[in-house]
Amino acid sequence: MKRVLSYLRYYRLESALGPLFKLLEAALELLVPFVVAAIVDTGIPSGDAGRVARMGLLLVALGLVGLLSSVTAQYFAAKAAVGLAAKLRRALFAQVQKLSFADLNRVGTSTLITRLTSDVNQVQSGVNLALRLFLRSPFIVFGAMAMAFAIDARCALIFAVAILILLVIVFGILLISMPMYRRSQNQLDQVLQRTRENLTGTRVLRAFGREDDEIEAFNRGHEKLTRLQTAAGHVSALMNPLTYVAINLALVALLRASGARVDAGRLTQGEAVALVNYMGQILVELIKLANLIITVSRSAACARRVSAVLELHPGLTSPARPEEADPARAGCVEFEHVCLRYPGANADHLTDIHFSARRGQIIGVIGGTGSGKTSLVNLIPRFYDASSGAVRVDGVDVRRQSLRELRARVGVVPQKALLFQGSIRDNLRWGDPEADDAAILEAVRAAQAEDVIAAKGGLDGEIEQYGRNLSGGQRQRLTIARALVRRPEILILDDSASALDYATDARLRMAIRQLSYRPTVFIVSQRAASVRYADRILVLDDGRIVGDGTHEWLLQSCQIYREIYDSQFRGEVGA
Amino acid sequence: MNRRDTLKRVLAYTAHARLQIVLSLTFAFASVALTLYLPVLTGRAVDLFVGAGKVDFAALGMILARMAIVIGLTALSQWAMSVCNNRITYRTVRDIRRDAFAHIQRLPLSYIDAHPAGDVVSRVIADVDTFADGLLMGFTQLFTGALTILGTLIFMLRIDVGVTVVVVLVTPVSLFVAAFIARRTYDMFRLQSATRGEQTALISEAVGGQKVVQAFGREEACQRQFDEINARLEKCSLRATFFSSLTNPCTRFVNSLVYAGVAIFGALAAITGGVSVGQLTCFLTYANQYTKPFNEISGVVTELQNAVACAARVFELIDEPAEAPDSADALELARADGSVELDDVEFRYLPERPLIEDLNLAAAPGSRVAIVGPTGCGKTTLINLLMRFYDVDGGSILVSGRDVREISRRSLRRSFGMVLQDTWLKSGTIRENIAMARPGATYEEIVAAAKAAHAHSFIRRMPGGYDAEIGEDGGGLSEGQKQLICIARAMLNLPPMLILDEATSSIDTRTELQIQNAFAKMMEGRTSFIVAHRLSTIENADAILVMRDGHIVETGTHRELLAKNGFYAELYNSQFAH
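Note that the protein sequences, when read in sequence, are chains A and B. End of the first sequence = 586 in my numbering, gap-free, step of one. End of the second sequence = 1117 in my numbering, gap-free, step of one.
Misleading hints may appear alongside valid ones.
Derived DMTMM-like pairs: lysine to aspartate or glutamate, alpha-carbon spacing no greater than 25 angstroms straight-line [what the hints assert, rightly or not]:
(1) B/Lys750 with A/Asp505
(2) B/Lys774 with A/Glu25
(3) B/Lys750 with A/Glu473
What follows is a set of in silico ranges between Cβ atoms, one per label pair, in the way DEER data are often shown [to be verified]:
(4) B/Lys1060 with A/His365: 35 to 45 angstroms
(5) A/Pro354 with B/Met1001: 15 to 25 angstroms
(6) A/Tyr353 with B/Lys1060: 45 to 55 angstroms
(7) B/Ala718 with A/Ala275: 45 to 55 angstroms
(8) B/Asp544 with A/Glu322: 46 to 56 angstroms
(9) B/Tyr982 with A/Met189: 38 to 48 angstroms
(10) A/Arg194 with B/Ser935: 30 to 40 angstroms
(11) A/Arg117 with B/Ser935: 52 to 62 angstroms
(12) A/Asp223 with B/Asp544: 24 to 34 angstroms
If you want the footprint, here are the derived chain A segments under chain B, 3+ residues with CB under 8 angstroms [unchecked claim]:
(13) 95-104
(14) 282-296
To be clear, the hints were calculated from the coordinates, so they are not data collected in a lab. Glycine included, C-beta positions come from ideal geometry on N, C-alpha and C.
Same shape as in the complex, but just chain A (with noise of 0.2 angstroms):
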């Protein structure tokens, strides 16, 4: 909140001019009853026009100097707010990207997003409307009860009473509806949820011939949901009367109180008729004051999930002093006796694993789902900190290197083949900014890409957001190609042919061997006809290595591996 707040400090001018001006302008509009108790004392009795001209057009010049200064207290808020939200939004997306993986699985994509867009937004309007109000709400009730002293203290204490009583009606209200609204919207979500799992479960539900028990159910989820709303409803519906009553009969008290001033000499019906149209302007703004809290505790809220975000401490940093690679070990992996585990988890993810791989060698990785394939690669371009031990490449460990120098050096294929918005060639430079359409092409060769790049129409064919417009093949291909277009050292494939067909799959593995910058390949896979050929297979079980060496020696000697092999080659024996 504070965090969020400390962004106006670029707008001080504008966010304390925003408030003053609106106060010239409330401040102008609490002289107009003035002026009103002048007409009727001055210039009705003395019969004179001319005097009430002037009066009325001094109304209307507090009307237009109000115009003026309201103008430029709603130019001033304006400005505040939307600099505010802009320069938020800029420095959360900064934030975004220094997150490390384990940062973003925590708190979870789909949130960050959320904050990034509509609670920055709320958090704009709320900060133009608390400026532009907190000050001028206030200001008029109160302001109201001290002009009403100034005309007489003895009916201005019937001013202080309604006050206290308005405040306590409508802050009591809100504060009853305000947790009954959060309920019925916390059912309202359930039936919503309902909806759509019932639009994507369709063909589960009908096969169990569920509808009936579904109708049913979502009648009665609705039911609760309208009985909470209406129960809401009546209570708040209960602000107007309540309020309407307390200011009313504040008005008849203020009324019986100025007649005895009146009959006393001490109060004429001008200032009476002024009373009168002040205990008028407090009701409307004390609504208004209230409609402000809401905003701006709403937007307060939204406010505190920014900060939240903002006051992440990335969890993985590039080292102030970075080491050189070695140049002479270029290409080389080593694990030493590592381990992971990753935040909040209890157990170890990946223990003791203890491996190195010289440059160009090509390594599988086969283990079933949630043996810890992925968290093993991911550990060298260093997406998580390993908790112990040490992941070192090109002869340096990797914490000690430069983050952006060592990923520089990796090309990553990741499981979730994701490409971005823009045409292919934009796409494929991801891997080297520099790369011409020569490199380009050589690199979609390799990753058997050709008949994606021609069935797009050459490398300007555009790729719509996440690649949607294209098969999941026809991204791996291309999330392969991406890679090579950067000539890595290191060559990560993590499960990244699953969708390709074993002959195209074949293929590929034949052109990484044949690759002329032989880099050192990673292969994850789950397949063993996949890893069949590489140099060396980890056979990974539950985050252990349990099996290290060429597909001959493993068959002989690693029973896991022995099971995966037999559980998809069955057929060959037959065959």
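Following the hints, put chain B in place on chain A, whose structure we already have.
Below, chain B alone, put in the same frame as chain A:
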């Protein structure tokens, strides 16, 4: 659906609340009339304040007592009106949503497959909400607003015609000002929301793909792209925010003109004795009250238009043609014998793109039919037809010797057990999810099914075990675990026919091997349709259909097909290629 039809439909939905609508309007009328009467009383009271020693307290007491009664009645009718409106609104919302949800259950799969779930959900939830807020609340606002304007006019005319004319002439200016500003800012708002949309697209792409962004060191490039849009957004957002925020000061200025006009002309009339000071006070109050509904009404009109558009979207969903209902004499398939026959089946999703043509197949009870082919060749379509999620365009499908169109959908579908590639789970406990196959199942039966599916050990380890809550779409579970639960769900209830569509695609091969035995037992004596990616799992099927681009290109047993050395042989051999 045009606007008039939509309104008729809305009226039909509120028909049950007719009495409450009448009540609501009556209370609205009462509260407006009473609200307008109060300033008259205030004015009369002020008129008694003629000077020291000259105040008539008896008369003042009478007026004040009357005021108290009017205030009480006003508050009561205001509250009663709100209560009526709440009831009408929330019940109408409930009724429309019920109809929409029940209709979703009857929509043909072709509609659900073709429309994004998010769109349908927003019709049922957000659109109905907007409709309720806009139409029902807007309607009362419009009604009370119009009444207030009319009533104020009448009251003012009764006091003084001249001053009334001033009010009537100046007030519409505020309407024009508001409309002028709204027209001018419309383009700015459009630009702002377009730019926001652009930025949101970039954000969701960059944040959604943040890991790739970091892996390729693209942080700075992304930030530059973001900053460029952000700067544009700041600029157009400032314009839109500032210019639209001019509405209030401007209309307030017009109001103060009205106020000054009333003060001047009222005071002049007071000098000549046309109105009393009290009546002038009353006029000043009216001048404030009179302009408010004008400002509100201009907002209400756009809201109403929006509400009608939203209602139309919901009704569009409700009017979407439902699946043809089962015929009245539809057969309840109590015990299928397991025979399935396809005769010259023809099917296409799009009229101009034939997909399945002349498909013939006879599966004897207890036989095992495998369907293989590359992704996207139409394997799942066959399952859609068997379960009658879609109807054939030509030919027929016979189950137990009867055309599936003569069998009630529910009994037909319950005759199939299935595990689909799409591992859908509902939010709720694991136990509820497994029991979906047979709601009456005991805890022991559920555990037995989970054990058979090799899901027992991981379920037991979860906090809460079988009562562990799983989030929407199985959140918190891995794909493999979800699939194991789906298998357990199928194991709990085994009808005479089975459909296994890539039933083990997310399970690692070792676990798969372990549950093969369970699968074998499951399929024993049951007609099974197996779609598989891995060919090793289907070698001992009684018949293999090889599909390619929607056509069955080869049929036969594994041995026959290999001997043929055609497409199947090619597929089969490629998985062992190096």
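Which hints, by number, does the structure contradict?
-> Hints 6, 10 contradicted; others consistent.
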